[in-house]
Amino acid sequence: MKLRTRYLGGSLFFCVLFLTTQFYLLSGRYQSIFRKIINIRGTYEHYSKSSNINDDLSFGNITVSITAEQFRLIPNIRTGNPLIDEYGDNDLNRLGENGRAVMSTEKEQLNISDILEKYRLNIIASDLVPLNRMVPDSRPPGCKNIIYSNDLPKTSIIIPFYDEWPSILIRTVYSIINRTPRHLLQEIILVDDYSQFVELKSLLDNYISKKFPKGLVKLIRNPTREGLIKARIKGWKQSTGR
Numbered sequence: 024m025k026l027r028t029r030y031l032g033g034s035l036f037f038c039v040l041f042l043t044t045q046f047y048l049l050s051g052r053y054q055s056i057f058r059k060i061i062n063i064r065g066t067y068e069h070y071s072k073s074s075n076i077n078d079d080l081s082f083g084n085i086t087v088s089i090t091a092e093q094f095r096l097i098p099n100i101r102t103g104n105p106l107i108d109e110y111g112d113n114d115l116n117r118l119g120e121n122g123r124a125v126m127s128t129e130k131e132q133l134n135i136s137d138i139l140e141k142y143r144l145n146i147i148a149s150d151l152v153p154l155n156r157m158v159p160d161s162r163p164p165g166c167k168n169i170i171y172s173n174d175l176p177k178t179s180i181i182i183p184f185y186d187e188w189p190s191i192l193i194r195t196v197y198s199i200i201n202r203t204p205r206h207l208l209q210e211i212i213l214v215d216d217y218s219q220f221v222e223l224k225s226l227l228d229n230y231i232s233k234k235f236p237k238g239l240v241k242l243i244r245n246p247t248r249e250g251l252i253k254a255r256i257k258g259w260k261q262s263t264g265r
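Under the working numbering, the sequence shown is numbered contiguously, ending at residue 265.
These are computed hints drawn from the structure, not numbers from a lab. Worth double-checking, as some hints may not be accurate.
To be verified - Heads up, simulated DSBU-like pairs for lysine-lysine below, C-alpha to C-alpha not over 35 Å straight-line:
hint: 1; residue 1: K260; residue 2: K237
hint: 2; residue 1: K260; residue 2: K177
hint: 3; residue 1: K260; residue 2: K241
hint: 4; residue 1: K141; residue 2: K233
hint: 5; residue 1: K257; residue 2: K237
hint: 6; residue 1: K177; residue 2: K257
hint: 7; residue 1: K224; residue 2: K257
hint: 8; residue 1: K167; residue 2: K141
hint: 9; residue 1: K177; residue 2: K224
hint: 10; residue 1: K241; residue 2: K224
hint: 11; residue 1: K233; residue 2: K253
hint: 12; residue 1: K224; residue 2: K237
hint: 13; residue 1: K141; residue 2: K177
hint: 14; residue 1: K253; residue 2: K177
hint: 15; residue 1: K177; residue 2: K167
With the sequences and hints as input, model every part of the structure.
Listed below in structure tokens is the structure:
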């Protein structure tokens, strides 16, 4: 009887010890998750408008009025779009800036698998990253000291796409504009290979017409799905760069 009482007492002691340990572990874990939730929510509320073409950059109703030729020929001319004019003064503490990772909460992770299944990428993370985010210099050391001629032919950049998530597509355009010498950039031609996303319809047309110098970013839409190579060739035929 005494042995049984001791056995029960010992079992109860270890049970209480185990539950206490788990409580402290989970408390720390949930505090960490809660901090991440606050961080993600705060960041999302602050930057989501500048990462989504459904909103107006959160800089007011901006319409760029200069032309592509003015953009190329007049050094340091301002477009009126802060994502172009203020590039280089980015807040590097923002998610995605200079390669900074975007962290998600455990609750968000549950949704990400469904998102990946539908879109094949994490659109939540993409929408949190600024459209004009800076990236680390990935050139090999030997390339950093190479000096190129300033007098080079103007180039056309052709980007075929199909159901590309808007923030990724627009971020690509900003990366080209902000990181290419202006006098060399003839145009950026986007070739939509019959995308089905509603976000890539009139919203994309309106965004391009308002946010970039006139004629710098052009959009071609295929009436049927033609494939990557044919879409690229169609863009090449309409390009004017050398």
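Subject >> Hints breached by this structure >> reply: 8, 13
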